[in-house]
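Residue numbering for the sequence shown follows the working numbering, beginning at 1 and increasing consecutively.
These are calculated hints, taken from the structure and not from any lab test.
C-beta atoms are modelled at their ideal positions from N, C-alpha and C, and glycine is treated no differently.
Possibly wrong hints are sitting among the right ones.
[What the hints assert, rightly or not] No farther apart than 25 Å at their CA atoms in a straight line, the calculated lysine to aspartate or glutamate pairs in the DMTMM-like style are these:
no.: 1; residue 1: Lys22; residue 2: Asp129
no.: 2; residue 1: Lys66; residue 2: Asp128
no.: 3; residue 1: Lys103; residue 2: Asp134
no.: 4; residue 1: Lys113; residue 2: Asp53
no.: 5; residue 1: Lys35; residue 2: Asp128
no.: 6; residue 1: Lys66; residue 2: Glu95
no.: 7; residue 1: Lys133; residue 2: Asp97
no.: 8; residue 1: Lys107; residue 2: Asp97
no.: 9; residue 1: Lys35; residue 2: Asp141
no.: 10; residue 1: Lys103; residue 2: Asp50
no.: 11; residue 1: Lys130; residue 2: Asp20
no.: 12; residue 1: Lys7; residue 2: Asp50
no.: 13; residue 1: Lys151; residue 2: Asp67
no.: 14; residue 1: Lys130; residue 2: Asp97
no.: 15; residue 1: Lys66; residue 2: Asp25
no.: 16; residue 1: Lys107; residue 2: Asp20
no.: 17; residue 1: Lys103; residue 2: Asp141
no.: 18; residue 1: Lys130; residue 2: Glu92
no.: 19; residue 1: Lys151; residue 2: Asp68
no.: 20; residue 1: Lys40; residue 2: Asp25
no.: 21; residue 1: Lys42; residue 2: Asp20
no.: 22; residue 1: Lys137; residue 2: Asp20
no.: 23; residue 1: Lys107; residue 2: Asp128
no.: 24; residue 1: Lys133; residue 2: Glu62
no.: 25; residue 1: Lys103; residue 2: Glu92
no.: 26; residue 1: Lys35; residue 2: Asp25
no.: 27; residue 1: Lys151; residue 2: Asp25
no.: 28; residue 1: Lys40; residue 2: Asp50
no.: 29; residue 1: Lys133; residue 2: Asp53
[Claimed, not checked] Simulated restraints, written as ranges between beta carbons of each label pair:
no.: 30; residue 1: Gln142; residue 2: Ile44; range: 17 to 25 Å
no.: 31; residue 1: Pro171; residue 2: Thr88; range: 50 to 58 Å
no.: 32; residue 1: Thr10; residue 2: Thr154; range: 43 to 51 Å
no.: 33; residue 1: Gln8; residue 2: Phe156; range: 48 to 56 Å
no.: 34; residue 1: Asn138; residue 2: Glu160; range: 37 to 45 Å
no.: 35; residue 1: Pro112; residue 2: Thr88; range: 19 to 27 Å
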Amino acid sequence: MAFNRVKQWTTFARVWYLFDAKWQDPIISGRVLSKYLLGKNKPIYSVGSDCGDYVVVINSKEIALKDDLWRTYNYFHHTGYAKGATYTPAWEYHENDPTRIIKNCTKNALPPKIYRNSLLSRLLVFPDDKVPKDVIKNITDQIQPSMTPPKRLTEFSEDEIQNFPRLFEWPKEFIIDDLKGENNQTVKII
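Take these sequences, add in the hints, and give me the full structure.
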């Protein structure tokens with residue numbers, strides 16, 4: 001009987017999750033984080049119940065927006081006065097506060113309910129991997145990244161580069177006109 005009571009306590013307890021946002025899309029990450037903040041990962045989830053967990057996000061300054069959203073996506077803010085609308089590009093928004101884009105994307109993924117701010121108070125976002133010790137001691141689990149980070153060309157070995165399947169082989173004496181070497185001479189690809 002006592003074991004069932006302990007199982008119930010662990011179900012209702014709030015768990016602290018760690019999420020590494022390095023090379024992650026904040027829009028997709030916001031949807032993933034909102035599930036844990038709402039408690040949708042628990043069997044006791046109900047729309048009206050507050051059974052969500054704490055989420056600690058690290059490396060938020062190294063997020064990756066897809067395509068050219070850093071240039072084209074604008075964040076809107078209105079002061080409340082006439083002609084008080086301002087549009088801030090994503091790169092400038094991120095430069096001012098590296099944690100803000102993750103918070104906004106998570107806020108947009110949460111349902112517009114009265115307790116949205118209390119859910120967001122359980123989201124702790126840090127720009128790098130330096131987290132206070134009192135937060136680290138509470139972390140018990142980790143959220144898997146939504147995207148696998150790409151491997152850089154410098155991380156591949158010479159063997160992997162040479163053995164990479166090629167679509168076609170260049171002819172021996174092929175010259176590309178667009179490639180210019182030193183002193184504006186054409187470059188031969190061998």
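Now the hints, each set against the structure:
{"no.": "1", "hint": "Lys22 / Asp129", "verdict": "holds, 10 Å"}
{"no.": "2", "hint": "Lys66 / Asp128", "verdict": "holds, 21 Å"}
{"no.": "3", "hint": "Lys103 / Asp134", "verdict": "holds, 21 Å"}
{"no.": "4", "hint": "Lys113 / Asp53", "verdict": "holds, 17 Å"}
{"no.": "5", "hint": "Lys35 / Asp128", "verdict": "holds, 23 Å"}
{"no.": "6", "hint": "Lys66 / Glu95", "verdict": "holds, 17 Å"}
{"no.": "7", "hint": "Lys133 / Asp97", "verdict": "holds, 22 Å"}
{"no.": "8", "hint": "Lys107 / Asp97", "verdict": "holds, 16 Å"}
{"no.": "9", "hint": "Lys35 / Asp141", "verdict": "holds, 15 Å"}
{"no.": "10", "hint": "Lys103 / Asp50", "verdict": "holds, 19 Å"}
{"no.": "11", "hint": "Lys130 / Asp20", "verdict": "holds, 12 Å"}
{"no.": "12", "hint": "Lys7 / Asp50", "verdict": "holds, 18 Å"}
{"no.": "13", "hint": "Lys151 / Asp67", "verdict": "holds, 18 Å"}
{"no.": "14", "hint": "Lys130 / Asp97", "verdict": "holds, 16 Å"}
{"no.": "15", "hint": "Lys66 / Asp25", "verdict": "holds, 7 Å"}
{"no.": "16", "hint": "Lys107 / Asp20", "verdict": "holds, 18 Å"}
{"no.": "17", "hint": "Lys103 / Asp141", "verdict": "holds, 20 Å"}
{"no.": "18", "hint": "Lys130 / Glu92", "verdict": "holds, 23 Å"}
{"no.": "19", "hint": "Lys151 / Asp68", "verdict": "holds, 20 Å"}
{"no.": "20", "hint": "Lys40 / Asp25", "verdict": "holds, 21 Å"}
{"no.": "21", "hint": "Lys42 / Asp20", "verdict": "holds, 21 Å"}
{"no.": "22", "hint": "Lys137 / Asp20", "verdict": "holds, 17 Å"}
{"no.": "23", "hint": "Lys107 / Asp128", "verdict": "holds, 21 Å"}
{"no.": "24", "hint": "Lys133 / Glu62", "verdict": "holds, 22 Å"}
{"no.": "25", "hint": "Lys103 / Glu92", "verdict": "holds, 16 Å"}
{"no.": "26", "hint": "Lys35 / Asp25", "verdict": "holds, 16 Å"}
{"no.": "27", "hint": "Lys151 / Asp25", "verdict": "holds, 16 Å"}
{"no.": "28", "hint": "Lys40 / Asp50", "verdict": "holds, 10 Å"}
{"no.": "29", "hint": "Lys133 / Asp53", "verdict": "holds, 19 Å"}
{"no.": "30", "hint": "Gln142 / Ile44: 17 to 25 Å", "verdict": "holds, 22 Å"}
{"no.": "31", "hint": "Pro171 / Thr88: 50 to 58 Å", "verdict": "holds, 51 Å"}
{"no.": "32", "hint": "Thr10 / Thr154: 43 to 51 Å", "verdict": "holds, 45 Å"}
{"no.": "33", "hint": "Gln8 / Phe156: 48 to 56 Å", "verdict": "holds, 51 Å"}
{"no.": "34", "hint": "Asn138 / Glu160: 37 to 45 Å", "verdict": "holds, 41 Å"}
{"no.": "35", "hint": "Pro112 / Thr88: 19 to 27 Å", "verdict": "holds, 22 Å"}
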